[in-house]
Structures are given as C-alpha cells and as structure tokens.
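Engineer: Using the sequences and the hints, build the whole thing.
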Amino acid sequence: MADDTFGRGKFPCLLILFQGLLLILFVVFVDYSKDVLPDAQNTLKINTDFPVFQDIHVLLLVGFGLLMTFLKKYGFSGLGYNFLICAVVMEWATLMQGFFEMENNKIQLDIDSMIKGDLAAVTILVSFGAVLGKTSSLQLLLMSFIEVIFYTINRTICTTYLQAVDPGGAVLVHAFGAYFGLTVARVLYNKNSVAHEKEASRYTSDLFATLGTIFLWVYWPSFNSILVQGVLRHRAVVNTYYAMAASCVTVFAFSSLVTKASKLSMVHIQNATLAGGVAVGTIASMIIHPWGAILLGMVGGIISTIGYKYIQPWLIRTLHIHDTCGVNSLHGMPGILAAIASIVSSGLAGFGQYKTSLYTVFPARSPVINSTQYLELVQFVPDARAGLGRTATEQAGYQCAALVMTLAVSSMGGLITGFIVKQSFFDPMTEDRMYDDLHYWEVCFYHFSIF
Amino acid sequence: MADDTFGRGKFPCLLILFQGLLLILFVVFVDYSKDVLPDAQNTLKINTDFPVFQDIHVLLLVGFGLLMTFLKKYGFSGLGYNFLICAVVMEWATLMQGFFEMENNKIQLDIDSMIKGDLAAVTILVSFGAVLGKTSSLQLLLMSFIEVIFYTINRTICTTYLQAVDPGGAVLVHAFGAYFGLTVARVLYNKNSVAHEKEASRYTSDLFATLGTIFLWVYWPSFNSILVQGVLRHRAVVNTYYAMAASCVTVFAFSSLVTKASKLSMVHIQNATLAGGVAVGTIASMIIHPWGAILLGMVGGIISTIGYKYIQPWLIRTLHIHDTCGVNSLHGMPGILAAIASIVSSGLAGFGQYKTSLYTVFPARSPVINSTQYLELVQFVPDARAGLGRTATEQAGYQCAALVMTLAVSSMGGLITGFIVKQSFFDPMTEDRMYDDLHYWEVCFYHFSIF
Amino acid sequence: MADDTFGRGKFPCLLILFQGLLLILFVVFVDYSKDVLPDAQNTLKINTDFPVFQDIHVLLLVGFGLLMTFLKKYGFSGLGYNFLICAVVMEWATLMQGFFEMENNKIQLDIDSMIKGDLAAVTILVSFGAVLGKTSSLQLLLMSFIEVIFYTINRTICTTYLQAVDPGGAVLVHAFGAYFGLTVARVLYNKNSVAHEKEASRYTSDLFATLGTIFLWVYWPSFNSILVQGVLRHRAVVNTYYAMAASCVTVFAFSSLVTKASKLSMVHIQNATLAGGVAVGTIASMIIHPWGAILLGMVGGIISTIGYKYIQPWLIRTLHIHDTCGVNSLHGMPGILAAIASIVSSGLAGFGQYKTSLYTVFPARSPVINSTQYLELVQFVPDARAGLGRTATEQAGYQCAALVMTLAVSSMGGLITGFIVKQSFFDPMTEDRMYDDLHYWEVCFYHFSIF
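Residue numbers (the UniProt record's numbering), protein chains in the order written: chain A, 1 to 451; chain B, 1 to 451; chain C, 1 to 451.
Hints are computed from structural coordinates only; laboratory data are not their basis.
It cannot be assumed that every hint is accurate.
Pairs count within a copy or across copies, as identical chains cannot be separated in the list.
Cross-link-like lysine-lysine pairs, in silico, PhoX-like; alpha carbons within 20 Å at most [said to hold, decoys possible]:
{"#": "1", "residue 1": "10", "residue 2": "260"}
{"#": "2", "residue 1": "10", "residue 2": "263"}
{"#": "3", "residue 1": "198", "residue 2": "73"}
{"#": "4", "residue 1": "260", "residue 2": "45"}
{"#": "5", "residue 1": "198", "residue 2": "260"}
{"#": "6", "residue 1": "422", "residue 2": "45"}
{"#": "7", "residue 1": "106", "residue 2": "116"}
{"#": "8", "residue 1": "45", "residue 2": "116"}
{"#": "9", "residue 1": "106", "residue 2": "34"}
{"#": "10", "residue 1": "263", "residue 2": "73"}
{"#": "11", "residue 1": "34", "residue 2": "355"}
{"#": "12", "residue 1": "116", "residue 2": "198"}
Structural biologist: Set out below in structure tokens:
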C-alpha cells in the first residue's frame with residue numbers, strides 16, 4: 001500500500017517534469033510566426049480559419065470527451081483523461097511537428113500550429129479509445145508522448161515525401177490512431193478485462209455518450225475541411241454533410257437489422273453513424289459528386305455496424321485484441337475504405353474535370369517547370385508551385401503507399417509502445433481497478449472540507 | 001410475437017430501401033453547383049455562411065435533440081430519433097426542394113442546399129415534438145417523408161409565388177411544423193396516452209432538456225439570420241439577441257406568477273423562453289427598432305407561458321389534441337404572432353426608412369422596370385432585380401396570405417399524414433409501449449457480448 | 001405560510017416590473033447604430049465578429065451554466081439562474097454602458113453592444129459563483145442589478161480615463177466579479193451554510209459541471225480575443241490556446257500532488273484548469289512569446305489549485321468568506337496575476353518590437369499630435385488617433401492603477417450590495433432551503449396536469 005502510494009506519486013511528478021520540459025523547449029525553440037507579429041501579411045487567415053478551428057476544438061474536447069463517458073463508472077476518467085491528453089498533445093505535437101518545419105531555427109506559431117496540435121490530439125484520442133478503462137494515467141501519458149512522435153514521423157513521410165493527400169485525416173489520423181491503439185491493446189491483453197462486469201453502460205452514461213456522438217457528427221464537416229481553403233473547403237463541407245447523413249440513416253437501418261427483436265443498439269448509434277465522416281475524409285475535397293459522398297457514407301456505415309456486431313468480438317476471441325470503444329470499426333476500417341476511395345478517385349482525376357484546381361488538390365501533380373515556365377503559369381494559377389509532374393496513376397500509387405506506410409508505422413509504433421508501457425514501472429492496471437473511477441478520482445465527495 | 005418481430009423488421013427494411021432510393025435519385029438528379037467546382041465565382045460564401053450554418057446545425061442536432069430527452073424513460077428515443085429525422089430530412093429535403101430549382105436538369109448542391117436541408121429538418125422536428133413518445137419509428141419515418149413534401153410545396157408557394165418574406169422561418173418553419181404536428185397528434189389521439197405514468201420527467205432528464213433549451217437559445221440569432229446577408233444579417237442578429245433576452249426574463253416572471261407557491265416550472269423555462277426567437281423570426285431583418293424586438297420577445301414569452309399553463313390542457317380536453325412537447329405554445333402561437341408582426345411591419349415599411357435596402361428586405365417591392373431603367377437603377381443598387389412593384393399594403397397582404405396558406409397546407413397535410421400513419425401497417429403504438437425506450441432500444445446492456 | 005407565499009410573489013412582480021422598465025428605457029434611449037441601418041459603412045464586422053461572439057455566448061450560457069450544476073440538488077437553480085442572470089444583464093448592461101457612450105441622445109446598438117452585454121454578464125456570473133446556493137432569486141436579481149452599475153463605472157474609469165488595456169477582461173471582468181462576489185458572500189456569511197450536507201456533488205452533477213468546464217476551456221480563446229481585431233486577435237488566440245493547455249496539464253499534476261492517495265480532485269479539474277485563461281487575459285494580445293503564455297498558464301494553474309486546496313478553507317475559517325464555487329481561486333487570484341503580468345509586459349513594450357501596432361495594443365501610447373502631424377502619420381498607420389504620448393513605464397503605472405481601482409470598486413460595491421440584499425425584504429435564505437432546488441422549482445413533476 002505504501003508502495004502503491006509511492007507508485008502513484010510518479011504520475012504527478014512525471015507530469016510536472018514533462019510540463020517543465022515543454023516550457024524550456026518553448027523558450028528555446030518556439031516563437032510567433034510572422035502572421036502573428038506586426039506587419040503580418042496574411043491578416044485574413046484568423047477570420048476564415050478560426051471559426052472552423054473552434055468547431056474542431058469542440059469536436060475534440062466535447063465530442064470525444066463525452067463519447068468516452070459511456071461506461072457506467074468511468075465517466076470522470078473518460079472525460080478527464082480525454083481533456084488531459086488533448087492539453088498534453090497540443091503542446092507536445094506543436095514541438096514535434098515544428099521540429100520538421102523550423103524557419104530561422106525557430107518553430108513558428110500561428111493558428112496553423114493550433115490546427116496541427118488538435119489533429120494530433122485526435123489521433124491519440126482514437127488510440128485512447130482502444131484501451132479505455134484498462135490503463136493507468138501514467139501509461140496513458142507515456143502512450144501519448146510516444147505516439148505523437150510516431151504520428152509526426154508518419155505524417156511527415158506521407159505528406160512531405162510521398163505527397164499523398166488526406167485533408168480529413170482519414171488515414172493519417174483515424175487509421176493511424178486506430179491501428180496504433182489496437183496494437184497497444186493487443187500487447188496489454190488481459191482476458192479478465194473482457195466482458196468485465198464494469199465494462200457496461202447505464203442509462204445516463206449512454207445519454208452523455210450519444211450527446212458526444214452528436215457533437216462529433218455535427219462538427220465533422222469542419223474537421224474534414226480545416227486543412228483546405230476556398231472552393232476546396234466548400235466542396236469538403238458539402239461532401240461531408242451528405243456522407244454523414246447517409247451514414248446515419250444507413251446505420252439506423254443496419255443496427256435494427258442485426259439487433260435482437262429489431263431494436264436499435266446504442267453502440268451502433270453512438271459510433272457507426274460517424275463512420276461516413278471518416279470514409280469520406282481523404283477525398284473530401286475531390287470532385288466525387290454528391291452521390292459519391294452518399295455512397296461512401298452508406299458503405300462506411302455498413303462496414304462499421306458489421307464491425308461492431310461481428311468483427312469486434314471476433315478480434316477478441318481470435319487475435320486477443322480487446323478494443324474497448326471499437327476504434328477498429330469506427331476509425332480503422334472506414335479509414336482504410338477512405339484510402340481505397342482515394343486511390344480510385346486520384347487515379348481518375350484529370351485536368352478536364354479539375355482544371356487548374358488539380359494542382360491545389362494534388363500539389364504533386366503540378367508540372368515540373370523551370371523559372372520561365374513558372375512566370376507564364378503563375379499568370380493563370382496565382383498560387384502555382386513547381387511540382388513533381390505526377391500522372392493520375394502515379395498519384396493513386398502514392399495514395400496506396402501512404403496507406404501501407406501508415407499501417408506499418410502505426411502497428412510497429414503501437415507494438416513498441418505497448419511493450420514499454422507494460423513495464424511495471426508504469427503501473428499497469430489490475431482487474432479490480434479497471435473501468436472504475438473510484439481508484440483514481442475523488443468520487444461523490446463533499447465539495448471541500450475545511451476543518 | 002412472430003408477427004411483432006416481422007412487423008418491426010419493416011422499419012429497417014423500409015429505411016434501407018429509402019436510403020437506396022435516395023442514392024439513385026442523387027445519381028440521376030444531383031450535382032455540385034458551380035460554386036463548389038473549379039472556377040467558382042463566389043468563393044467568399046463558404047467563409048461568411050459556414051460558421052452560421054454550423055451554429056444552426058448544432059441548434060438542430062444538439063438543441064432539439066436534448067430538448068426531446070425530458071421524458072424520464074424516453075431519452076434514447078428523443079435524442080436518437082431526432083438524430084435520424086435530421087439525417088433523413090437533410091437528404092430528402094435537398095431533393096424535394098431541388099426539384100423546384102433545377103438548372104440544366106440537375107439539382108445544384110452547395111452550402112445553400114445544406115442550409116435548406118437543415119431548415120426543413122427543423123420543421124419536421126417541431127412536428128415530432130407534438131407526437132413525441134406516441135409513434136413508432138416507422139410512423140416517424142413516414143411522417144418525415146410526407147411532411148417534407150408538404151413543407152416544400154408550402155415554402156415554394158409562399159416565397160416564390162406569394163413572395164412573402166420570413167427569414168427566421170417563424171411561419172414557414174415553426175408555425176408549419178407546429179400545426180402539421182398538432183393535426184397528426186389529433187388524428188392519432190388516444191386518451192390513454194394522456195397523463196400516462198411515463199409521461200413525466202426526472203431530475204436528470206430535465207437537466208438534459210434544459211441544456212438543450214440553452215443551446216437553442218444561444219444559437220437562435222444564427223437561425224434567424226442565416227438566410228440574409230450583410231447589414232440584414234447584422235440587424236437580424238441584434239433583433240433576435242434582444243428578443244431572446246426579453247423573452248427569457250418575461251417567462252421567468254410569468255412562470256413564477258402562474259405556478260403554485262410562486263415556484264418556477266421547468267416546462268416553462270425549457271420551452272417558453274424560446275418563444276421570443278420565434279416571435280421575432282419573420283421580421284428579424286426589418287427595421288423594428290430594438291424596443292420592437294424586446295416587445296415582441298415579451299409578448300411571445302407571455303403567450304407561450306399562458307399556452308403551456310392553460311391552452312395545452314384545454315386543447316386536450318376540448319379538441320383531443322395531445323401535444324407532448326407543447327409545440328403549439330412554443331412554435332405555433334408565437335409563429336402566428338410573428339406573422340401578425342410582419343403584416344404590421346411590412347405595411348409600415350417605406351423607402352424613407354429602408355432606402356434601397358427596401359428591395360433587399362422585400363424583393364417584391366422592387367419596381368417593375370424595363371432594361372433601360374434597369375441599367376440606371378443598377379448604378380445605385382448593385383443587386384437590383386426587376387420586381388413586382390408592390391406597395392407596402394400589398395406586401396402586408398401577401399404576408400397575411402402566406403400565414404393563411406401555411407395554416408391551411410400544414411393542417412391539411414397533417415390530417416392526411418395522420419390518417420396514413422394510423423394504418424396498422426405502420427405499427428401504431430400501444431399504450432404500454434409509449435414514452436418508453438425499452439421496447440425499441442437495447443437499454444442498460446453490457447457493452448458487447450462475445451461468446 | 002401566507003406571508004411566505006406573498007413574499008415569494010415579490011420575485012415575479014419585481015421581475016416583470018423591471019422588464020417593463022427596460023422596455024420603456026429602450027423605447028426612449030435606444031436605437032440601431034448606423035452599421036445596422038441601410039448605408040452602413042462597416043458591413044464586414046458581422047462576418048468577422050459574429051462567429052467569435054457566438055463562441056462567447058455559448059461560453060456564458062452553456063459553460064458557466066453547466067459549471068454551476070455541480071451541487072447534487074441544485075442543478076435546476078445553477079443552470080436556470082445562470083440563464084436568467086444572463087438575460088437580465090444583457091439588457092440592463094446594454095443600457096448602463098450605453099449611457100456612457102450615447103450619440104445623438106441615443107444608445108447605438110450593434111454587435112458591439114451584444115459583446116459588451118455578454119462581458120457584463122460574465123462578471124455577474126462570477127459573483128453568482130461566490131454565493132451559489134445561498135441566496136434567493138430576489139437577492140440574485142437585485143445583486144445583478146446593482147453590480148452592473150458598479151461594473152460599468154469601473155470599466156469606464158479603467159478603460160476611458162485610465163486607458164488601461166485588458167482585452168480578455170482578466171481584471172475588469174474576472175477579478176471584479178470575484179471580489180464583488182466575495183464581499184457579498186462575506187456580508188451574507190452564515191456559519192450553517194458551510195459544510196452543509198447538501199453542499200456536495202454527486203456523480204452525474206460532477207459530469208455535467210465538468211462538461212461546463214470543457215466548454216469554457218474550449219471557447220476561452222474566443223473570449224480573450226473578442227475585443228481585438230486582425231493580428232491582435234490572432235496573437236490573443238495563440239497565446240490563450242497555449243496558456244490553457246499548460247494550465248490544464250499543470251493542474252492535473254498539482255491536483256494529484258495535493259490530493260489524498262494521489263487521486264485527482266474533480267474540484268480542481270473543474271475549475272483550476274481554466275485559470276490559465278484568466279492569467280493570460282490582460283496580456284493576451286501583447287507580444288509575450290509563446291513561452292510567456294505557457295509560463296503564465298502554469299503559474300495560474302498552480303496558484304488556483306493551491307487556492308482551492310488551502311486558501312479557500314482558510315478564507316472561511318479566518319475571514320468568514322464562504323465562496324461556494326471558489327471564485328477567488330479561479331477568477332480572483334489569476335486575475336491579479338494577469339494584472340501583474342500586464343504591468344511587467346506593458347513596462348517592457350517598445351516600438352522596436354511592436355512597431356506601429358504599439359498604438360493599437362496601447363492606444364494611450366499614441367503620440368500627442370497636431371493636425372499636420374496627424375495627416376503625416378495616417379499615411380503609415382491608417383487607424384491612427386491622437387493619443388496621450390505615454391511612455392512604457394507610465395502605461396505600466398496605469399495598468400497598476402486599474403487593478404487597484406478594480407479591487408476598490410468591486411469590494412466597496414460588494415459591501416454595499418451585501419448589506420442591501422441582506423434586508424429581510426429580499427428574502428434571505430434560511431439554512432434548510434440552501435443548495436436545494438425543491439423550494440424554488442417544480443421538481444420531478446408530471447409533465448403537466450390536465451384535470
């Protein structure tokens with residue numbers, strides 16, 4: 001018991017050390033970008049992007065936070081750890097991603113850094129879903145720390161080197177987070193954590209979680225369009241809106257089809273309804289026509305519902321992957337679907353349809369040009385940049401490569417992370433403490449004691 | 001029992017068939033508008049309208065959704081069916097309204113379609129409130145399907161042919177939804193559904209519902225201003241803000257006045273506080289002066305509180321209209337008040353006060369002009385269009401006509417719909433299943449079963 | 001009992017009288033500003049400021065509202081009175097502040113009035129937190145009425161006469177509200193209200209309150225940046241984002257450090273995590289570098305956690321100040337910290353770093369100029385105004401003066417208010433009614449009774 005108290009003192013001490021380290025790193029490496037300083041050139045960005053950013057900020061903290069409260073005795077932890085992970089990752093991912101993009105030896109902060117910080121946080125929250133209720137706060141902290149590193153490396157490879165496109169992060173965020181989390185869950189597998197008596201919801205916790213779902217669903221168009229601008233944002237918003245609608249309708253139907261007595265299952269409604277947003281994420285800004293968005297939303301919803309009903313139990317029985325929130329069904333498989341859709345859609349994308357926006361949607365398809373050609377081109381395409389001159393098929397290949405890379409890096413990263421956090425130093429959880437706030441939170445206390 | 005299971009299998013089957021039909025209709029009839037395609041002219045719309053759209057999207061899904069959870073055992077259904085209705089209507093109303101506005105044989109999708117889809121969804125949600133807890137999911141689905149058709153027809157008549165103005169949809173959305181729902185409720189009247197033991201709230205369900213109210217209240221300025229731009233939006237926002245404030249204060253006072261022991265009644269706080277937003281809806285963008293907005297907010301709040309206290313029980317006793325959420329008091333009567341206010345306000349509107357904005361606020365009052373006159377006019381009013389040259393009095397008359405039309409179409413539509421959904425094929429509810437999630441949702445389940 | 005009923009009838013009667021008075025005052029003194037009328041010059045303001053306004057509107061109504069629901073039996077009152085106070089103050093503060101800024105004998109309404117109304121409401125909500133559960137609705141109403149007057153006077157002195165800057169309102173809103181509320185609480189002190197058996201949370205009420213915290217946390221960047229534009233807004237957003245993150249992480253660590261068995265305390269997570277937003281409020285738009293924001297966030301979080309753990313109980317024991325929500329720890333001390341930071345930061349601010357934005361951030365530092373000089377200057381600084389030609393040190397002094405003034409006015413105002421509301425006419429609460437909805441709300445009622 002004395003040991004236990006000592007052991008648990010590790011969490012606050014390491015956390016405050018980490019925050020201190022972050023402060024030092026910010027002092028040394030970070031400053032404002034020129035858009036946040038006097039004489040900024042781009043003064044409109046804050047007006048056009050901040051409202052959309054705030055939407056995804058709510059999506060993260062409120063949407064994911066509430067979704068994590070579905071367990072009957074684990075609401076404080078679900079909402080609270082979600083909060084902590086967001087805050088930690090917002091700072092840490094700013095640094096990690098900044099290291100790859102320094103100018104004048106400084107990481108340049110502006111609203112783009114905040115957007116990147118939030119997207120990284122989503123990734124870690126997805127992984128958190130896979131291990132919800134089965135890890136100590138120390139394990140979660142360490143997992144967040146390591147995952148951000150892998151996430152940043154993978155994101156940099158896929159976007160900077162492979163030049164794959166993924167505005168809604170279906171692959172780089174959702175699939176990455178899902179398969180990272182699943183591998184961690186595999187390593188931490190404990191058969192007593194499965195069908196645990198506390199791994200259940202109650203009426204009120206299900207209401208809170210469904211409210212979280214609805215916040216996620218409502219703000220998903222902002223999520224899928226935050227990284228693009230103008231017409232591309234408009235298209236991403238429209239595609240996502242209709243994909244979400246189709247996904248929701250389809251999941252209500254399939255949930256009723258596969259559930260006893262044709263009832264609706266709260267698990268499906270809380271989760272699978274969102275799969276359409278993931279499924280359309282990678283191609284949200286492409287010209288897929290509204291029916292393409294609806295079709296993807298439907299397929300995403302079906303896959304996800306089937307995932308919850310049949311594949312999730314199968315993963316436990318067969319592969320010993322116990323995925324508490326079912327992130328494979330909500331983020332993993334729909335993310336792969338999104339990647340496949342992007343391979344098809346990129347392979348079909350031509351100048352006839354996209355006109356000069358082809359080079360905005362797929363920067364790597366911009367022609368390889370010399371400076372004379374550039375001066376000519378820039379007359380027609382103001383933001384033209386010399387590209388790699390890729391063909392549609394090549395771009396499709398790179399989209400495929402990004403998927404493979406993401407699956408490899410996330411599984412490998414999750415495996416390594418799992419083995420590290422499993423060490424007894426990081427307080428792995430015993431079964432009697434799982435899915436229960438009691439051991440980590442002051443529950444039902446008097447507001448304060450004064451004597 | 002076998003029959004029952006078969007009967008309930010109808011819901012998912014019809015729902016998936018409907019979603020399949022929607023997909024086919026989208027393939028055949030729907031494409032992007034040119035603002036979502038390369039070479040879009042209007043690239044600013046997404047920046048100015050998307051944040052306001054997201055506000056009303058939250059209002060719909062979160063605000064209405066939570067408001068519907070006030071019943072102690074019907075929270076899953078309230079929140080869940082609200083979600084499903086939104087998604088179904090978003091797709092279906094896009095088609096229905098699009099059919100009236102096709103260009104090049106295609107319905108043109110952009111953010112305006114999303115706004116229209118959401119406004120249609122609000123209408124159906126209002127009607128849903130009148131029958132909450134007393135209809136099967138199949139009946140709800142059918143009601144949504146039919147109501148969208150009537151709503152679209154009425155909207156088209158009132159705005160395109162009558163050229164009545166109603167930026168906040170107090171008549172076309174709220175009053176329409178209310179009287180459609182009330183008529184359906186009348187046809188489905190079952191005396192055992194009244195004062196049913198489960199038609200009650202509990203502490204937590206009332207908290208959820210009040211939270212919904214607050215989301216509705218907060219985002220109402222966006223709702224009343226989404227259809228107008230620039231200065232008109234500014235005015236609509238200011239008017240709505242002060243009307244909402246006055247409505248809230250007035251309802252707290254009147255609730256305490258009419259409630260036993262001067263207590264506050266949660267029903268009033270949850271509902272009547274919003275009446276000011278409806279009451280000011282039709283004239284939100286008119287020059288009614290801030291005190292006009294406050295006066296309307298007060299009158300709306302009083303009418304609505306009295307409605308909940310006295311008229312709602314009277315409707316049940318006398319007309320056998322059992323209106324679960326009291327939509328007559330929240331949406332119906334304040335909507336009629338808004339129409340009356342718009343008749344007065346339109347009748348007083350003159351060029352002296354509105355200057356050239358007269359033709360933006362009331363397009364039908366634009367002069368009938370020939371092309372030479374147009375070229376002159378357009379120098380002063382850049383977006384001038386040839387109008388109908390209506391006088392103030394004529395416009396007032398058409399505002400009145402729109403109210404009458406709306407009341408007629410909604411009651412007629414509700415009557416027809418009521419008789420259709422009452423058929424046994426659509427699984428009318430028996431009393432033992434009313435106001436209870438148990439029969440339609442997996443309640444308090446273990447998260448999943450694996451063996 | 002008859003007396004009691006009569007006594008309680010005072011609340012609705014006075015409230016409706018007050019709303020009537022507001023209506024008359026609006027008729028006489030209030031009209032639209034020219035930006036809400038035809039021929040408005042500034043048509044962009046609604047597009048750039050309205051989304052940010054809606055964020056703070058949610059922060060007020062939803063964030064504060066839910067935070068006030070943490071008491072197990074006082075959720076209706078927490079959420080409901082928060083709602084009422086907002087609405088009352090929105091109208092009343094519009095008038096009070098308008099009286100100081102009339103043009104052509106009219107108060108000019110536009111979105112700026114709404115922003116000012118909301119900021120005033122936050123101030124009163126902070127004070128409400130100090131007396132939560134211990135005042136009658138009549139006392140609350142009167143407190144709101146009086147506090148708005150003191151708030152407006154203090155704000156006018158500090159910004160117009162002292163020309164101190166405080167974009168996030170850490171001093172003028174948070175510190176003012178806190179010390180006003182604390183003084184009121186001191187005057188109303190009743191030893192039986194302390195450690196009252198109902199002054200406790202329960203599982204669900206803590207979830208609701210934490211959700212409120214998260215809404216506050218998410219929208220705080222909007223709150224700190226609503227009063228500034230362009231680059232200044234961008235900087236305020238970035239600074240606040242990182243300060244909030246650092247604050248959250250630090251509080252999780254310190255909460256675990258100071259709580260028994262290294263558990264996390266819900267009180268700290270619900271409140272102290274927000275202190276970083278207050279601490280950075282006054283200097284949010286200054287060039288403090290990202291590490292400055294993080295440092296302030298950390299210090300704010302530490303001070304606040306220590307405040308909840310040690311200072312709040314000490315205040316009760318020693319000074320008999322019973323502060324229900326701990327507003328001294330969340331708003332008071334972090335507000336003072338913000339003021340100190342602003343003294344330092346203003347004292348260091350120079351033209352080299354701020355360039356011409358120096359005069360936007362600190363208007364009083366603009367040079368004293370004659371009209372010829374003005375014509376020259378305006379070529380480089382389009383919105384140049386003749387200022388007071390203050391030095392950095394002088395500005396620092398005025399920042400200090402604003403803090404002292406705020407502490408003086410708020411304490412004095414609170415003292416006076418406390419003695420007034422303590423009078424028996426305003427229904428002071430007896431212990432048996434404290435922290436309990438039962439006596440003021442219809443609780444767990446049937447939805448309505450018809451016979």
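Engineer: Hints broken by the structure, by number, lowest first?
Structural biologist: Numbers 4, 5, 6 and 12, in rising order.
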